[in-house]
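As given, the protein sequences belong to chains A and B, one line each in that order. Here the first sequence is numbered in this note's numbering, starting from 245 and rising by one per residue. Here the second sequence is numbered in this note's numbering, starting from 245 and rising by one per residue.
No lab work stands behind these hints, which were simulated from the structure alone. Keep in mind it's a predicted model, so treat the numbers as computed, not measured. Mixed in with the good hints, there may be bad ones.
[Said to hold, decoys possible] EDC-like, lysine to aspartate or glutamate: derived pairs with alpha carbons at most 16 Å apart:
no. : chain 1 : residue 1 : chain 2 : residue 2
1   : B       : K423      : B       : D458
2   : A       : K449      : B       : D300
3   : A       : K264      : B       : D300
[Said to hold, decoys possible] Now the stretches of chain B that chain A is said to cover, found in silico as 3 or more residues with beta-carbon under 8 Å:
no. : stretch
4   : 269-282
5   : 286-296
6   : 332-345
[Stated by the list, open to error] Sample of chain A residues lacking proximity to chain B, with all beta carbon distances greater than 12 Å (derived):
no. : residue
7   : E289
8   : I315
9   : D370
10  : S387
11  : K423
12  : I491
Built from N, CA and C at the ideal position, the CB exists for glycine as well.
There are 2 protein chains.
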Amino acid sequence: MEDFSTISRFTRSENGKLIKNPRKLVSSYPTFPITVDCAIFGFDENELKVLLIRSDLEVFKDQWSLLGDVIKDTEDLEEAAYRVLQQRTGMTNVFLEQVKTFGNPARHPGGRVVTVAYCSLLNIRDHELKIHDNELHWHSVKSLCNMAFDHQTVIEYCNEWLKKRIQENPLGFNLLPEKFSLRELQHLYEAILDVQLDRRNFRKKFFAMDFLDDVGEFEEDVPHRPGKLYKFNYEKYEKNKRKWFAIDF
Amino acid sequence: MEDFSTISRFTRSENGKLIKNPRKLVSSYPTFPITVDCAIFGFDENELKVLLIRSDLEVFKDQWSLLGDVIKDTEDLEEAAYRVLQQRTGMTNVFLEQVKTFGNPARHPGGRVVTVAYCSLLNIRDHELKIHDNELHWHSVKSLCNMAFDHQTVIEYCNEWLKKRIQENPLGFNLLPEKFSLRELQHLYEAILDVQLDRRNFRKKFFAMDFLDDVGEFEEDVPHRPGKLYKFNYEKYEKNKRKWFAIDF
DNA sequence: TACCAATTGTGTAAAAAATACATGACCACT
DNA sequence: AGTGGTCATGTATTTTTTACACAATTGGTA
């Protein structure tokens, strides 16, 4: 006889009969607070930044935390994250994607709170005027410290996720103005991946991918010869994108 | 004056003062049931399979669902997933990784239940004797239908996740016996990725990665010339693994 | 015991992709 | 007019990927 004694009483009905009332079943489940936390990344002065807010918990006095909120009864997780994003930055049409859920029972000093981490990418200049709340701050990702909750871990995880993702998908453009020069693009990659890239090969590669539209304009206000400006053309990307396949590890 | 009226009352303290009692704060948060669901994959007869259980809800009569359970007060999410895995397969030391959290308010007929999906990989033969519970069933991933909850979506997501992951990391070995032939390995890749691969190039690639140990034995009970058996050597892999970097999309 | 079916094991040539690298022109600033 | 910083561009070399064929081994079967 097999020992099923360790199987939770929630896993199966005791007697093998079908459960008629799912509401009753679910109401017997233990419940927990759930939040979403947004790692909102921006790129400025050749550095990757993350938008943080001063914690309002006394135990985390003078520490920073991600922007987050509890989820509401009727909203999906992504909706909640998007709401946080909009409320704080005023921006809509912004890249947002779920990264990971953190559920360590001790991660919140007020009791168990499970949080779903989202990663968002936006162009800092597009909304810089909206951040006059001086509790909000763009913080360099390289020099994080003194974070509330487990938010340092969360940001590091999101940062690693971004590093990987930006090599496989055209996400980087979300961090730049609509029109950008190839130097800006290269600096973005160099900053996020923490590598040095050869300029000629970098250009060759992006031109070969063939989704950059020359907008016929040039950089302004740069203290050197201005470079051409380009736009990311999503349709071209979608049409030509390679079927990603390569065993390689 | 900025309009912060839409910002949730949970987001910040009203008056700008620091919150002294985090327990009180958290106890004001709405709560939800949280479950973990495990997409447990196995490989048999050259097919990717997933371990399913018959739903015990009457609304899902004769439908299949993933193995899952509610999380307990004091356990971390991964602990809960691991518990489900052990209880059902009797196996320990098994690959397990979080994939995504699903929180659609309507995904459970009994009310809102948020679930964290985990993906697990194991060798079917290692534990086939433990599945005499006839409510449990290895189901071909290619022919899913009639799943309870949103579990079809969840499995499809996990399957895509696996497809990508198996190309970047040596996960496939978890689905094979400790000693395997290169044909088995190739069939595994071909089944999961749904491609045909050139045998010589496949072998060349894996030998070049240099983490397969020839165990000096041969296949048995095959109706053709038996191939050499190999073991995956994790230490060698760790030592030689390439720093993964390539912009490519 | 001879043959068949299935699979093992092995290498090379051609094509494609990644890398390394230098120069003259342009613009702003002084 | 000179300087500092950047733009724009192409080629040769190396590395990686791909395509592809044949002899040998085993079990099964007539």
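Cross-check of the supplied hints:
1. With a C-alpha separation of about 9 Å, the suggested pairing of B:K423 with B:D458 holds against the 16 Å cut-off.
2. For the hint linking A:K449 to B:D300, the alpha-carbon distance of about 54 Å lies beyond 16 Å, and the restraint is violated.
3. Using a Cα cut-off of 16 Å, the hinted pair A:K264 and B:D300 holds, with the two alpha carbons roughly 9 Å apart.
4. With 10 residues carrying a beta carbon less than 8 Å from a beta carbon of chain A, the stretch 269-282 of chain B meets the three-residue requirement, and the given coverage holds.
5. As drawn, the stretch 286-296 of chain B meets chain A at 0 residues by the rule of a beta-carbon pair under 8 Å; below three, the given contact is violated.
6. Against chain A, the stretch 332-345 of chain B contributes 3 residues with a C-beta closer than 8 Å to a partner C-beta. That satisfies the three-residue criterion, and the hint holds.
7. Taking the minimum C-beta to C-beta distance to chain B, about 22 Å, the non-interface status of A:E289 holds against the 12 Å cut.
8. With a closest Cβ-Cβ approach of about 7 Å to chain B, A:I315 is found to fall inside the 12 Å limit, against its non-interface label.
9. Residue placement check: A:D370 keeps its beta carbon more than 12 Å from all beta carbons of chain B (closest about 17 Å).
10. Every CB of chain B lies more than 12 Å from the CB of A:S387, the least distance being 23 Å, so the non-interface label holds.
11. Against the 12 Å criterion, A:K423 stays outside the reach of chain B, whose nearest CB is about 21 Å from its own CB.
12. The Cβ of A:I491 sits about 5 Å from the closest Cβ of chain B, inside the 12 Å cut-off, so the non-interface label is violated.
Hints 2, 5, 8, 12 from the list above are not met by this structure, while the remaining hints are.
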